[in-house]
Amino acid sequence: MSTTGKVKINKLPTGVPGLDEILGGGLPEFSFNIIAGAPGSGKTTLAHQIVFANATPERPALYFTILGEPAIKMLRYQQQYTFFDQAKLNTAVRFINLSQVVLEKDLDAVLEEITKEVEKASPGVVVVDSFRTVVRKAQGGTTEVELQSFIQRLALLLTSWQATTFLVGEYVEGEIRDNPVFTVSDGLFWLYQAAERSSIVRKLQIVKLRGQASVPGLHTFRITHAGLQAFSRTLGLAGLVRKIPSARRLSIGIPELDKMLGGGIPEGDSVLVAGASGTGKSVLATQFIAEGIRQGDPGIVVVFEERPQEYAERASSFGLDLKTPRHEKKLEILYLRPLDLSVDETMHEILDAVHKIGAKRLVIDSLAGFEMALAPGFRADFRESLYRMITALTGVGVTILSTVEVNESFTEFPFSTYSISFLTDDIIRLRYVCIDGQLRKIMVVIKMRGGNHSKDIREYEITSKGVVIMGDRLTDYQGLITGIPEHLNRSGNHEERSHKPKAKTKS
Amino acid sequence: MAQRLLDYEAVAGKNSEPTESAAFRVFAKLRRPLITLAGVAGFRSLLSRALTLARAEAPSLSAAVQVAADGSLKGLDELALQADKEQARNEGAILIAQLIGLLLTFIGEGVTLRLVQDEWPEAAFNGRVSEKERKA
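So the protein sequences, as listed, match chains A and B. One rule links them: number in the working numbering = place in the first sequence (from 1) + 713. One rule links them: number in the working numbering = place in the second sequence (from 1) + 411.
If you are wondering where the hints come from, they were derived from the structure by calculation, not from laboratory data. Hints are all accurate, no fakes.
Ranges between beta-carbon positions, derived for each pair:
hint: 1; chain 1: B; residue 1: A475; chain 2: A; residue 2: Q865; range: 48 to 54 angstroms
hint: 2; chain 1: A; residue 1: E1018; chain 2: B; residue 2: E468; range: 55 to 61 angstroms
hint: 3; chain 1: A; residue 1: D821; chain 2: B; residue 2: E533; range: 36 to 42 angstroms
Since the structure is predicted, the reported quantities are computational estimates derived from the model, not experimental observations. Beta carbons: idealized from backbone N, C-alpha and C, even for Gly.
Just chain A, same shape as in the assembly (with noise of 0.2 angstroms):
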């Protein structure tokens, strides 16, 4: 089928950052839209921010205020956000007062009104806030035909001036079916905003959108000083092409370690190091960041219970050097602070840290600490969330490490409570073990999804040089992953074990 000739629809930035990319996009030029939401969804505001990001002194918006909040105190509050420019007021950015034109006279006279302005100013941008407020009016005496009519024919006027429209409205859910309003429209833009436990957790859905293809589903927002922020739920993702796997290893800095693996990570696999309380999860993960920069491999660390500068100099007590790379910009230490965050929020911030700095190696530590900085209401989402972050950004050849705190049990051997375990490539298992009246820690490779791996259980230690593995499998034991192993050769003669590494330490 042939293209020629087929109209193109200009798209028009909405200054949400992250809202573009949902609409597939931006705003199609000249469409009819509407804004819903409940009161303090943000709709005003999203309003004022297309309003901004497009009005010109040639193409002005024109925002007409009916009845809801009162434009000065509109312009009171919007003035505190950054997007709002003073300098557009009046030339770019018009307010026009319908309210007594809609108490006052009928339709038809609020569309005469409307028409003498958008003919006068020729604007880019129309907004009608509150949208809701006139169809309210006029519903006194006015039939469904009429306020069908009116509708149809604001959006005929103010398409055929070359006009992208909003109308604003507090409208509910159960209303789409039956208001003509969302017949007319080209486009349907939902605010929600719900209380869940302590948080409040704001997302925004296209309900309907013509002539271009947004991302469905509920995304959520953040409203700061700059005004709204939007995160799509695909987290920017789905224009990425896949990397072909490579056949690098990348060493864990553990060499003993390296070699159960087969030689080390495969590069774009992800990795779960698994491990009750105090067994070395985060010692190894730092490890192996710590070596990827040693080898020209720029990182990041996600950690959610310490300060990066805690962080850093704990790692220095490993002799691991993370102050230099962190002031060369090779190595990002995010610290997520345990607030109402959104998973995609989250995720939009470790995948804008591993973009800016080109990272090869990403330690997310930990899981636990990660559903924890969440906002009650986001964690049910975490599990996807997290896969579809892992899935995107291993696809693109950057190697994940997390760490999960598994409870330590004598009766079985999870590797995760989350049961995510099948969004990983590879598993380490730590855990403690009873020996000779000891508690000792052990290590096994559990899965490698890329190839072989070994099957021996090694016992390690951390000392000052992270983790050292330390001589070879454990072959007197049997029973060892439950924790409570019985020695299988018991005479009476054993030797008191010794404690020094018998396995090389990494330099």
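Chain A is already provided as a structure; the job is to place chain B on it using the hints.
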């Protein structure tokens, strides 16, 4: 700023309708953009508040000065006909200063200056906002 607006309109008034006071012309000019922005009801509320504040500052301000339903000021002509022209001018300035003070309080200096500048494009107002107007 109020004084500057009055000065502008006093000069402009010499070439126009002699019965209109400078204060009347200032209000007439401010009324248009403020009604566009805030609606008649919004402007009327602001002006009523400004009048109350002005009366507290200048108790002699004539009781005849009232805010009409359409947001215009009634009784300003009587103010202009007062025997003491200096007093009349001061009372007019106080009323304008109170209205500008309210605008500064609600929408800030930047936005207020833009609104005023649009009506008096030839005037320079930067740095002309008095402390009294800021505190109004």
